[in-house]
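Novice: So you can see what is in the structure, the chains are spelled out below.
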Amino acid sequence: MADPRFFVKARNFTVGELAEMLGCTLPKGVNKSLIIDDVRPLQNAQASHLSFLDNIKYKEAFQKTSAGVCIVSSQMIEYAPKGLICLVSPSPYKAYALAAQAFYPEKHPKSNVSKLASIDETAKLGQGAFIAPHVVIGANVDIGKNSWIEAGVVIQDDVIIGDNCRIGAGTTVSHAIIGDNVRLYPGVRVGQDGFGFAIDPNGHIKVPQLGRVIIEDHVEIGANTTIDRGSGPDTIIGQGTWIDNLVQIGHNVVIGKGCIIVAQVGISGSSKIDDFVAIGGQAGVAGHLHVGTGAQIAAQSGVMKDIGAGEEYMGSPAFPKTQFFRQIAALNGLIKKKKRD
Amino acid sequence: MADPRFFVKARNFTVGELAEMLGCTLPKGVNKSLIIDDVRPLQNAQASHLSFLDNIKYKEAFQKTSAGVCIVSSQMIEYAPKGLICLVSPSPYKAYALAAQAFYPEKHPKSNVSKLASIDETAKLGQGAFIAPHVVIGANVDIGKNSWIEAGVVIQDDVIIGDNCRIGAGTTVSHAIIGDNVRLYPGVRVGQDGFGFAIDPNGHIKVPQLGRVIIEDHVEIGANTTIDRGSGPDTIIGQGTWIDNLVQIGHNVVIGKGCIIVAQVGISGSSKIDDFVAIGGQAGVAGHLHVGTGAQIAAQSGVMKDIGAGEEYMGSPAFPKTQFFRQIAALNGLIKKKKRD
Amino acid sequence: MADPRFFVKARNFTVGELAEMLGCTLPKGVNKSLIIDDVRPLQNAQASHLSFLDNIKYKEAFQKTSAGVCIVSSQMIEYAPKGLICLVSPSPYKAYALAAQAFYPEKHPKSNVSKLASIDETAKLGQGAFIAPHVVIGANVDIGKNSWIEAGVVIQDDVIIGDNCRIGAGTTVSHAIIGDNVRLYPGVRVGQDGFGFAIDPNGHIKVPQLGRVIIEDHVEIGANTTIDRGSGPDTIIGQGTWIDNLVQIGHNVVIGKGCIIVAQVGISGSSKIDDFVAIGGQAGVAGHLHVGTGAQIAAQSGVMKDIGAGEEYMGSPAFPKTQFFRQIAALNGLIKKKKRD
Chain A
1 MADPRFFVKA RNFTVGELAE MLGCTLPKGV NKSLIIDDVR PLQNAQASHL SFLDNIKYKE
61 AFQKTSAGVC IVSSQMIEYA PKGLICLVSP SPYKAYALAA QAFYPEKHPK SNVSKLASID
121 ETAKLGQGAF IAPHVVIGAN VDIGKNSWIE AGVVIQDDVI IGDNCRIGAG TTVSHAIIGD
181 NVRLYPGVRV GQDGFGFAID PNGHIKVPQL GRVIIEDHVE IGANTTIDRG SGPDTIIGQG
241 TWIDNLVQIG HNVVIGKGCI IVAQVGISGS SKIDDFVAIG GQAGVAGHLH VGTGAQIAAQ
301 SGVMKDIGAG EEYMGSPAFP KTQFFRQIAA LNGLIKKKKR D
Chain B
1 MADPRFFVKA RNFTVGELAE MLGCTLPKGV NKSLIIDDVR PLQNAQASHL SFLDNIKYKE
61 AFQKTSAGVC IVSSQMIEYA PKGLICLVSP SPYKAYALAA QAFYPEKHPK SNVSKLASID
121 ETAKLGQGAF IAPHVVIGAN VDIGKNSWIE AGVVIQDDVI IGDNCRIGAG TTVSHAIIGD
181 NVRLYPGVRV GQDGFGFAID PNGHIKVPQL GRVIIEDHVE IGANTTIDRG SGPDTIIGQG
241 TWIDNLVQIG HNVVIGKGCI IVAQVGISGS SKIDDFVAIG GQAGVAGHLH VGTGAQIAAQ
301 SGVMKDIGAG EEYMGSPAFP KTQFFRQIAA LNGLIKKKKR D
Chain C
1 MADPRFFVKA RNFTVGELAE MLGCTLPKGV NKSLIIDDVR PLQNAQASHL SFLDNIKYKE
61 AFQKTSAGVC IVSSQMIEYA PKGLICLVSP SPYKAYALAA QAFYPEKHPK SNVSKLASID
121 ETAKLGQGAF IAPHVVIGAN VDIGKNSWIE AGVVIQDDVI IGDNCRIGAG TTVSHAIIGD
181 NVRLYPGVRV GQDGFGFAID PNGHIKVPQL GRVIIEDHVE IGANTTIDRG SGPDTIIGQG
241 TWIDNLVQIG HNVVIGKGCI IVAQVGISGS SKIDDFVAIG GQAGVAGHLH VGTGAQIAAQ
301 SGVMKDIGAG EEYMGSPAFP KTQFFRQIAA LNGLIKKKKR D
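Protein chains in written order, with the numbering used here: chain A, 1 to 341; chain B, 1 to 341; chain C, 1 to 341.
Check the hints yourself; a few may be wrong.
Note that identical chains are pooled: a pair holds if it fits in a single copy or bridges any two copies.
[Claimed, not checked] Derived PhoX-like pairs: lysine-lysine, alpha-carbon spacing no greater than 25 Å straight-line:
| hint | residue 1 | residue 2 |
| --- | --- | --- |
| 1 | K28 | K82 |
| 2 | K206 | K145 |
| 3 | K115 | K64 |
| 4 | K57 | K305 |
| 5 | K82 | K57 |
| 6 | K145 | K336 |
| 7 | K115 | K28 |
| 8 | K336 | K321 |
| 9 | K64 | K337 |
| 10 | K305 | K272 |
| 11 | K115 | K145 |
| 12 | K206 | K107 |
| 13 | K145 | K124 |
| 14 | K32 | K124 |
| 15 | K32 | K64 |
| 16 | K57 | K206 |
| 17 | K64 | K28 |
| 18 | K257 | K321 |
| 19 | K110 | K337 |
| 20 | K305 | K59 |
These are calculated hints, taken from the structure and not from any lab test. Since the model is a prediction, treat every value here as computed from it, not as a measurement.
Using the sequences provided together with the hints, build the complete structure.
Specialist: Written out as structure tokens, the structure is:
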């Protein structure tokens, strides 16, 4: 399925290899030496393909699939079509992710420093670094081993970037210290001044933004997302947090580990988001708030108050999810009543 | 009106030429050889200018205009000021668009390949292509005839771009197949990995994004908009669809023909938008949904369920438009009642 | 506090110097020659540091601070911890801004024109201009004195930029006339065509966008913000207006002086925003509307009607703030009633 123009398959795998590699249980009597030559979605998969079922929405596609092998949870086995080999996993999507990585490992360019890059003589480049054309690297920049800087990236003076990072085309970075295995997608803006000024009718007065952006290991930041540097404290993105496209992170925001922040979210200055928080698309968090560990904020919510650990919020202004649904139900009840009157 | 510093007028037109070119009806007895030397909005137009009335909001400006000629619908003629020549059209804005194109055709640069561009030796450039300075074009890229690649664009390996395209400054494209007459504005991000991962407290696990972005003919995509490539299926933008600035299109999204998607809209992964759908600014569509042909989604709506063909939705969460307005009315009625109690 | 890797302190100041420079009142008997060597937030400040208290939320931090000197309003003095020297100011944040500017003045690069920039021979560069590598400057561009063009910027033909401007890395500008002391952050898109077309099932018809973008003096525009040029009239950003990241400004929008527009706001085409308006994050203003002087629009509001001078609006659709809060209260009252029934 993956277009060979863009993707290079590593090799084929037997069913036995896959089951072992993915930690899946295999039904008895299955031919472990059956060769699987690709991964595909349920709808397009054929006999030599591996697929997966994770979202109940696709149950019907599962029942009709022509896939040879499918990763599923134990509860779904009963709906499997005849002849389909089920690889049983407690987390089918995770197992599929690992399988797909094995079939299609990311291709890393060979180490090279383009002659068309502009690299300050005081900058340090780690072994194995790849620097594409028209990159600009400022004074005292320090880039780790095997990091991959795509075309047109601008890294301003004194920035530190760790090992095995990938900085997407056209991204700009200043006033930042970035860990290992971090990926910035194209067009990300890291480290510019936050929106800090004292309001004055004769002209707003800029407050110098004297903090940095700290990005910990294994963070991913989506295309055209903007992360302002701190005003004095730092702006911090915690280890393993994934941020989607077009997100705005204000100055002094501190985000914990393993968070998921969906596209077009905005987090205002000085708010603190604890570990494993999930924030749905286009939601906003006002400034100077605290969101506790594991909290879930639905898409388009407008958070105006602190949220405790594990709580689920929804709506603008955001309320606990159950309260939000009761609000909607009450409103619709009111309309029906009106119509009857 | 158009500042000659930035815009070059092709030539003047007579009233007769304009009427014929635009398919407009001319009132009897009009001097067809009257020369019109520019297009202008109603407020600023003078005797030698062509204007138009399309939005009833500007009726007063129409009644006061000093324009020599104005494109209007037949219903509006009765409000015309004395001496104004009315070109009658069933679609005045469309006629105005064609007139303005005739006065001010887009100026296309002469074919040239900048010596400051970095072009892989395996890339193919069609006849008449214009490649600006600091462009980067990767291996096996195929660019069609007369396509215009502005400064600082990065086109990654294997991308295909059709004829007569214009790729705006600073835009980046990967894993994409782009048709003819497509225009990407500055800073667009096409083809980066979608937000695909299996959640894991020990570190989210990346799901390789093995699809492409397919952009059909005559599509326009606004500045700093982001379009992720598919995860296995492709992300597809249908023929003649226009997308505004800062829009987010998730992986596997399929958008039909002739849609209009206003600024800052977000469409989550795997949703399918049929032909001629209009989505207002800052609206969001959740993942794995279906929006039927010709549906209209108001600005800031939050779509959480499928929408049928031709339906109009509004609100967050989105409801049918009439229901939404009843909700608002009921809410305001409740307040008035409260105040009376 | 400011990391010396990224920030260079100008010098130390005595308490007496600071009081005079900032126009603050000093309590009697204070040692005016005490040396202050840095600025810091309340939580981290030590005896040789200057801090400030502006937001009542941080009153507790104020009561516990170890700062040597703190700028406060007269009302807060009574809560000061023992030994803290209070610099009394009617606008503590403004005074702090000026102090921080004195400690850490922005470092401007020495005038230089990179050999790796592509500058058309007809372009004019003012004295003291700094042009970074991989910048592209088109024909007839006119850049004022001491303006600072960061790496990878693309300035299209005929654009005019005033004195003392700073154009952030990767930003693109076309069809624009920019005043003095303007700052565009990285990735800003100025002057591309607005979203203007006549809807047609056979293919939308482009309306040539024949206006410009006019940016007056002392404007700041945040990272990845997009400002479309006018369709005939101009798009205008008034003097001293500050715009945050990822904001969308449609064609023909006219924004007055001293406005504050927070991240991810969208202002649709042809709307007019008067002076000193504040618009909260993610709010939207529909097209062809008028927002009066000093109006305040809360975050995530959806403005669908004109707003008078000084009015405060909130909600989507937006209502006067008091009405909005009554709506929310009524809704929550309804739920409670339901639960009791």
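Novice: If any of the earlier hints don't hold here, list their numbers in rising order.
Specialist: Checked against the structure, the hints that fail are numbers 3, 6, 7, 9, 14, 19, while the rest are satisfied.
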